[in-house]
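S.K.: Here's the letter readout for the chains.
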Amino acid sequence: MNIAKLAFNMLIFPGGLFALVSSLLLMGIDRKIYARLQRRVGPPIYQPFIDVIKLLQKEILVPRSANYIVFRLAPLLGFIGMLVAVVLIPISGVYPGIDKSADLLVLLYLLATPALAIMVGASASGSPYSAVGLSREMMITLAYEIPLLIVLLTIGMKTGMAAGNFADFSLSHIVTFQQQKGFSDF
Amino acid sequence: MGQIGEILVAIGAGTYLGMVGGINHVLNHVVMKGLLFLAAGMLAYRLKSQNIEKFKGIGKVMPFTSGCLAIGVLAIMGLPPFNGFISKFLMLYDDIEAGYWYFAALMLLASVISAIYYIRLVRTVFFEKYEGPKVKEGPITTMIPLCILTCLTIFNGLFPETALNLAKSAADYVAVQGKIEVTAIPQISITWPVIIIIPAIGGLLAYFLGKKSPKIAGWTAVIGMSAASIAIVMSNEKYDIYSLSFALLIAGVGVLNLLYSLGYMSHGHAQNRYYMFFMLMIGGLIGVATSNNFFTFFIFWEIMSSWTLYFVIIHEETQDALREGFKYFIFNYIGASLALLGMLILTVNAETFDMKIAASHLANLDLTTISWGIILMTAGFLMKAAVLPFRIDYQMHPATAPTPVSGYISSVLLKSAPFWLIKLLFILGGAAAIGKLGMAGKAPVVMYVMSWIAGLTIVGAASMALIQKGIKRLLIYSTVSQIGYIILGLSLGSTLGLTGGLLHFVNHMFFKNLLFLAAGAIMVQAHAHNLDEAGGLGRKMPYTMTFFMIGAMSLAGIPPFSGFTSKWLVYEAAMEKGQVFLALLSLAGSVLTMAYFIKFLHSAFFGTLPKKFENVKEAPWTMLLPMGILSALCLVLGIMPGLPLNVISKILKLMNITSPEFTLFGIKTPLGAWQVGVILILMLFALVLGIIFFLLGNRKVRYTSTYTCGVSDLEDDDIRAQSENMYESPDNIIKKLHKTLIVPVFGNGEEEQK
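Going down the list, the sequences are from chains A and B.
For the record, in the first sequence the residue sitting at position 86 is 98 according to our numbering, with numbers rising by one throughout.
For the record, in the second sequence the residue sitting at position 743 is 747 according to our numbering, with numbers rising by one throughout.
Honestly, I wouldn't trust all of these hints.
To be verified - Simulated crosslink set (DMTMM-like; lysine to aspartate or glutamate; CA at most 25 Å straight-line): (1) B:Lys-544 x B:Asp-735; (2) B:Lys-704 x A:Glu-71; (3) B:Lys-740 x B:Glu-728; (4) B:Lys-739 x B:Asp-536; (5) A:Lys-112 x B:Glu-132; (6) B:Lys-58 x B:Glu-320; (7) B:Lys-331 x B:Glu-132; (8) B:Lys-739 x A:Glu-149; (9) B:Lys-740 x A:Glu-149; (10) B:Lys-473 x A:Glu-149; (11) B:Lys-704 x A:Glu-149; (12) B:Lys-621 x B:Asp-735.
Rather than coming from a laboratory, the hints here were simulated on the basis of the structure.
Make a model of the complete structure from these sequences and hints.
M.R.: Below, the structure is given as structure tokens:
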């Protein structure tokens, strides 16, 4: 695997710059649609960009009861997990993904890291409220992981059975299958 | 009386072999009973009472006489390496050969029941508090016969041929008189390889040299164990790669845990005794790993899992420790008896103890009988592996043991069970034999049942871990759950399953030991025994916290830490075999794993620091160094799964199973791929990007007081969230399920604890 290519994928497209811009843009559109559905005017589409810039200007508040290193590093852990997940997912016809290096189950774990990072970071702050929040986040995670697992395993089985195996978790195979059969076949 | 009954049964069987066994037992019995009566008589004479109540704690006052008594008791229980075992084994062998397998089963049952009162006797003599008057040891004239009888007991156990030849000549005479056909007796001889003698002698040296200074005892043990590891490396030509790599892991982790004990036990009592039994236990375990003969295998199995284990887990001598240790001892003894019965059925039919020859005979033998032997052995091993989803507290090793020992049992000793399951089923070809009993789909029924037991254990034990408050109980439940992954992997019996199981075998060894050692550091430095007492320790013990986090990330299987690769392989294996529900159960178990380790992390290391912990210090270097080495191993094995896979592929070759495609940094399966190298590079780039983000923003840091909604009169101790407050609703669901599903049928072990 070519490291320069990996760097490009990670830093420019589809990770890094592209992911950040497109995700913030999608978030803006999402908020706009929400607002319109509720008959509000809503914030402008570029609002998340302004928010990020503003939040970056703010000084960093660290509670005295916090475990400084873990508190500061936890968001980074979530960021890494998410960005790697973005790079791994193929975009059909545009980006082939980094095939043969990770599959659906790896992706599942990577998708769980942001939740984990938030929980560890919250826990490290030492505040009783964050403990409550952490407890509830874990509850939600326990609740949604099982249906998510069932869905992902089903996708794997569908793809694999088309090829005569019991399951196939290769991301590129799943995307090809989807291209051939359309999303309704899942 | 029971013993005499056994002799009658053996002689009554009327075969030549029964005669040899019976006469041998008479011989041994004379020695054992003589020893017991002399020792007990001496004690009773000194105490002027025969009441067992008066014997309490006498072992502390008359150590020599009581020591001899203890050896006599162990011998009469039929525990190796003492003489009682040999004759008992012969009689059982004869019963099975004559077809009276139910006599053998009855005899084993009787020995389990007698073990209960014998071990009580040992416990009363040694581990109760002595309250009687001051007494002296017996005079030298009584010591000499005691000493001779003890030596005979041990000698006949270690080298059974001598006594056996005596018994044989007597039996020959009777056979000629009674016209009984002379048959060949089984090859009972024990070879004591140097890799087992070294730890055994090291242990004895640690005991005798370390009487004055515990430091010397500890260092002797560490040096002895290191020597044993070197000896194992040197003897690499004698053993196959499977036994050798396990033996090396046993000795290597043993060195780390003994080194850790130097710091952990530094304020403990009777440290020389602790080091001796720990070393003997490790010696037995090395024997279990390397023996290629069913008879010696079983001797080492009993040494490893019966008395040495008992003495080492009750080291603290508290009431709790004694009760839990006793429970675990009896549980192990029953498991070992099952395995012994199975092994006898197998070897009697194969007419050899040698594993290779027995394996080659397997195909020509009566398959139903053989498979029952294999099933009984499998059940015994599964009991050792603690995989049964109900009343896990029975089969768990107790939390009251010293932490280095708990860590060692969890990470290494319990692995003897999956190790032997794999050896029995795949290397010796047992899987093919039990396949003849019936198939469920493409897998033998027994293996199918095993995989379901493992799947249920994963979720059951993980959810029980979630509701625990005790530091070590949480980790022990977690061990039970993780061993479920190993058993699940191997019971699938495919390339992926076995690779995943074996990889988890190694990974779990390092990360679980690391977690136990880190937990032990908290317990010894902060004197906290449950999670509610701890809190905020991350600031006082930063290294311990870092090591714990590495272990916990490996346990939860966060890529790229070590647990991920192996668990991922197990999931893929389950899916490949079409076991969707098992894959789902094991994946759900991982989510629960994440939940309980965050709970541990939060309650022990994060949060506000209680006032009582203001003077807590970081653990000494003897404790930090083993933890550091284990963390490094977790990281290395996580990033380079190719290192262990290289060995595993050689092991798979022994079983005639194709190995998976792998490189140093990754592994490829028919279902997908996991290239740690590529992912790691991506992660590093992402890290750079994240750091750039941090640097782009405002870098000014301001410290604030903890946010409490404006309430200002709360102390730090008031605002710490306790472990019982976490995850209330899932906890309640688990508790309710436990109450409705398990308690009515199997009783409740949780209530007894707290």
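S.K.: Does the alpha-carbon distance linking Lys-473 (chain B) and Glu-149 (chain A) stay inside the 25 Å limit?
M.R.: holds (20 Å)
S.K.: Starting from Lys-704 (chain B), check that the Cα of Glu-71 (chain A) is at most 25 Å away, please.
M.R.: holds (5 Å)
S.K.: Given the hint that Lys-621 (chain B) pairs with Asp-735 (chain B), test it: the Cα-Cα distance must not exceed 25 Å.
M.R.: This hinted pair is violated, its Cα atoms lying about 33 Å apart.
S.K.: Does the alpha-carbon distance linking Lys-331 (chain B) and Glu-132 (chain B) stay inside the 25 Å limit?
M.R.: holds (17 Å)
S.K.: Could you grab the alpha-carbon distance between Lys-112 (chain A) and Glu-132 (chain B) and see if it respects the 25 Å cut-off?
M.R.: violated (63 Å)
S.K.: Are Lys-58 (chain B) and Glu-320 (chain B) close enough, with their CA atoms no more than 25 Å apart?
M.R.: Holds - the C-alpha atoms of Glu-320 (chain B) and Lys-58 (chain B) are around 22 Å apart, at most 25 Å.
S.K.: Given the proposed pairing of Lys-739 (chain B) with Asp-536 (chain B), does the C-alpha separation stay at or below 25 Å?
M.R.: holds (19 Å)
S.K.: Is Lys-740 (chain B) within 25 Å of Glu-728 (chain B), Cα to Cα?
M.R.: It holds: about 16 Å lies between the C-alpha atoms, which stays within 25 Å.
S.K.: Tell me if the straight-line CA distance from Lys-739 (chain B) to Glu-149 (chain A) falls inside 25 Å.
M.R.: holds (20 Å)
S.K.: Take a quick look at whether Lys-704 (chain B) and Glu-149 (chain A) sit within 25 Å of each other, Cα to Cα.
M.R.: violated (29 Å)
S.K.: Sort out whether Glu-149 (chain A) lies within 25 Å of Lys-740 (chain B), counting only the CA atoms.
M.R.: With Cα atoms ~22 Å apart, Lys-740 (chain B) and Glu-149 (chain A) stay inside 25 Å; holds.
S.K.: Is the hinted pair Lys-544 (chain B) and Asp-735 (chain B) satisfied, with a Cα-Cα distance of at most 25 Å?
M.R.: Answer violated: Lys-544 (chain B) to Asp-735 (chain B) is near 30 Å, above 25 Å.
Violated hints for the displayed structure, listed by number in ascending order: 1, 5, 11, 12.
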